[in-house]
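S.K.: Residue-level listing of the chains:
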Amino acid sequence: MNPMPMPTETRRIATGAAGRDVALVAPRPHLGMPFQRDEDSPTAPDKEPRGIKMVIDSLTAGYGSHAVLRNVSLPVIERTVTAVIGPSGCGKSTLVRCLNRMHEIIPNACVSGRVLLDGRDIYGGHLDPIELRRRVGMVFQKPNPFPTMTVRDNVLAGWRLTGTRPPNADGVVEDALRRAALWDEVKDRLKAPGASLSGGQAQRLCIARALAVRPDVLLMDEPCSALDPIATARIEELIHELASSVTIVIVTHNMQQAARVSENTAFLYMGELIEFGATAGLFTRPSDPRTEDYITGRFG
Amino acid sequence: MIVNNVGLLPPISPRLRSRRIADRVFRWAVMASVLLVLLPLVAIMGTVIVRGAPALDWNFLTSLPKPVGETGGGVGHAILGTLFLALGGLLIAVPVGVPAGVFLASDRMPRLGGTVRLCADVLSGVPSIVVGMFAYTLLVLPFKQFSAMAGAFALAVIMLPTIARTTEEVVRLVPSTMTEAALALGAPRWRVMMQVVLPSAGKGVAAGVIAAFSRGAGETAPLMFTAFGSQFLTTSPMQPIAALPLVLFNYAVSPYDDWHAQAWAAALVLATLVLAGNVIAKVATTRRSR
Ligand SMILES: Nc1ncnc2c1ncn2[C@@H]1O[C@H](COP(=O)(O)OP(=O)(O)OP(=O)(O)O)[C@@H](O)[C@H]1O
Ligand SMILES: [Mg+2]
Chain A
93 MNPMPMPTET RRIATGAAGR DVALVAPRPH LGMPFQRDED SPTAPDKEPR
143 GIKMVIDSLT AGYGSHAVLR NVSLPVIERT VTAVIGPSGC GKSTLVRCLN
193 RMHEIIPNAC VSGRVLLDGR DIYGGHLDPI ELRRRVGMVF QKPNPFPTMT
243 VRDNVLAGWR LTGTRPPNAD GVVEDALRRA ALWDEVKDRL KAPGASLSGG
293 QAQRLCIARA LAVRPDVLLM DEPCSALDPI ATARIEELIH ELASSVTIVI
343 VTHNMQQAAR VSENTAFLYM GELIEFGATA GLFTRPSDPR TEDYITGRFG
Chain B
739 MIVNNVGLLP PISPRLRSRR IADRVFRWAV MASVLLVLLP LVAIMGTVIV
789 RGAPALDWNF LTSLPKPVGE TGGGVGHAIL GTLFLALGGL LIAVPVGVPA
839 GVFLASDRMP RLGGTVRLCA DVLSGVPSIV VGMFAYTLLV LPFKQFSAMA
889 GAFALAVIML PTIARTTEEV VRLVPSTMTE AALALGAPRW RVMMQVVLPS
939 AGKGVAAGVI AAFSRGAGET APLMFTAFGS QFLTTSPMQP IAALPLVLFN
989 YAVSPYDDWH AQAWAAALVL ATLVLAGNVI AKVATTRRSR
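Sequences listed follow chains A and B, in order.
Using this note's numbering, the first residue of the first sequence is number 93, and each one after it goes up by one.
Using this note's numbering, the first residue of the second sequence is number 739, and each one after it goes up by one.
No lab work stands behind these hints: they were computed from the structure.
Even for Gly, the Cβ is constructed at its ideal location relative to N, Cα and C.
There may be inaccurate statements among the hints.
[What the hints assert, rightly or not] In silico contact screen, one side only, chain A against chain B (beta carbon under 7 angstroms); selected entries:
no., residue
1, Met230
2, Gly250
3, Leu253
4, Thr254
Taking the hints into account, I'd like the entire structure generated from these sequences.
M.R.: Dropping the structure here:
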């Protein structure tokens, strides 16, 4: 890891290379298109052409003067699963945390470049981080339900904590828990404390909590790393189902998992994006030797 | 087992022996100092119980003092007065101290936080009679009137550092993953505090408040020229008010045997109140941080 001084001007830098990686997958004109929210188009999501939900454009981010991510650019396709892989410490968590501006809650974190959500820069100043985080939900590596709240209140936390009320709370709770494949297990103990669930259940509760506010995008940072194989399988199944309505970005250390759940994969190495493309292609015919070394287990 | 190394081992070198002796001496010294630490508390509580219990009955706890010369009477007014003053102090100190503690724990502004923390620590070291003087100049002189309000204010100043620092401590114990989870749901910082952090630190904050309460309830000096004391049952914030420590002091220095007995009983009540508060606070905080 060679530390590189951060550019002093924040936000937008190095526009030159911006379009290159993006063009790998989809033509640039898509960027300006108005995107439909999934509530508006419940029919046959697989048939319609998918736009680009998010664009990461020359993103450089780090802590203090230490640049962890350098000039990363890639698109996130609407209603697909994008996997982010790479050796430990390469900046995967930093990358996903930049997508909902959770990176900046760390003191002396810095970020420059652009991240577009539906064509608009989330660092552009017009979008409040609070509004952004409702649209871009997050599931953490370690299940973190609120221990002082009941299961039900945990699901509703995204509403309550933003001072809003869901139109039909019971409906929201049931719907979110069903989408997180947890309803049957907890429907009789919605009043139990959030801390009383097993690890796998707790993680699904966290997924339900994130889904309850109907986000467009769900960021998952190694969501299965604290879980056993059965709970992991359930969550993977769940990711599959969710992908028809939500755009998912998932960080994983598990190559098989990336191959199983994702359509596109980004390989990060020492803060740089080495390769991005369709998962099948990246795993069978990696174009960069470093990618090949990583996926064949030669390092990382 | 009793036949230990002395008899069974080969002869011990002089150096080893002197080391053994040093070890034994040291052990006894530690034991002795532990006992010396426990002794005052045990002695005080013992004396207070032995001498206070005879005068302590229901009547003593509930009735008002009798005029000099008449026997009987009690300290009901002072018990209520102490509760009134200490609760009044909390009423001022909690709304200031809890947010201050939350601020200190957040590390948002390290420089300002460091200054506030230093001030709190210094304030908790300021002699309580000086705090009383301060309240006297601020709230007694301008109104030309001793008052419960001035007493409560003085107690609030004394309670403030305890509340702020314990709140800081227990808020720090709330895992940052909770804060992150809430922020990632789009919660603004103040809601994270009110709806996530404080509820899970609630027990600890309460313990701090109870500790501050019992600290305030036991103070005498800051009340001497603020709340001043009273022979009657008063509840007006603008009137002088009785307090247990003041009654204790006045009765103890009086020439009457009857009052001496009552002073011991008042001491027993006060010590029990303060001790109970401390024990509750200790138990609650150790449960938390376990
Ligand atoms: N709060 C922080 N302050 C300073 N440096 C940090 C901080 N968090 C992470 N880093 C550094 O940033 C780099 C990338 O961290 P990041 O968490 O993004 O890696 P990662 O790819 O998610 O690793 P892992 O797979 O182990 O989770 C690491 O070198 C790490 O030391
Ligand atoms: Mg990580």
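S.K.: All the hints need checking, so say for each whether the structure fits it.
M.R.: Quick rundown of the hints versus the structure:
1. Met230: This hint holds: Met230 of chain A lies near chain B, its Cβ roughly 4 angstroms from the closest one there, short of 7 angstroms.
2. Gly250: With a closest approach of 4 angstroms, the Gly250 of chain A hint holds.
3. Leu253: For Leu253 of chain A, the interface hint holds, since the closest Cβ of chain B sits about 4 angstroms away, which is under 7 angstroms.
4. Thr254: Status holds, d = 5 angstroms.
Hint compliance for this structure: every hint is met.
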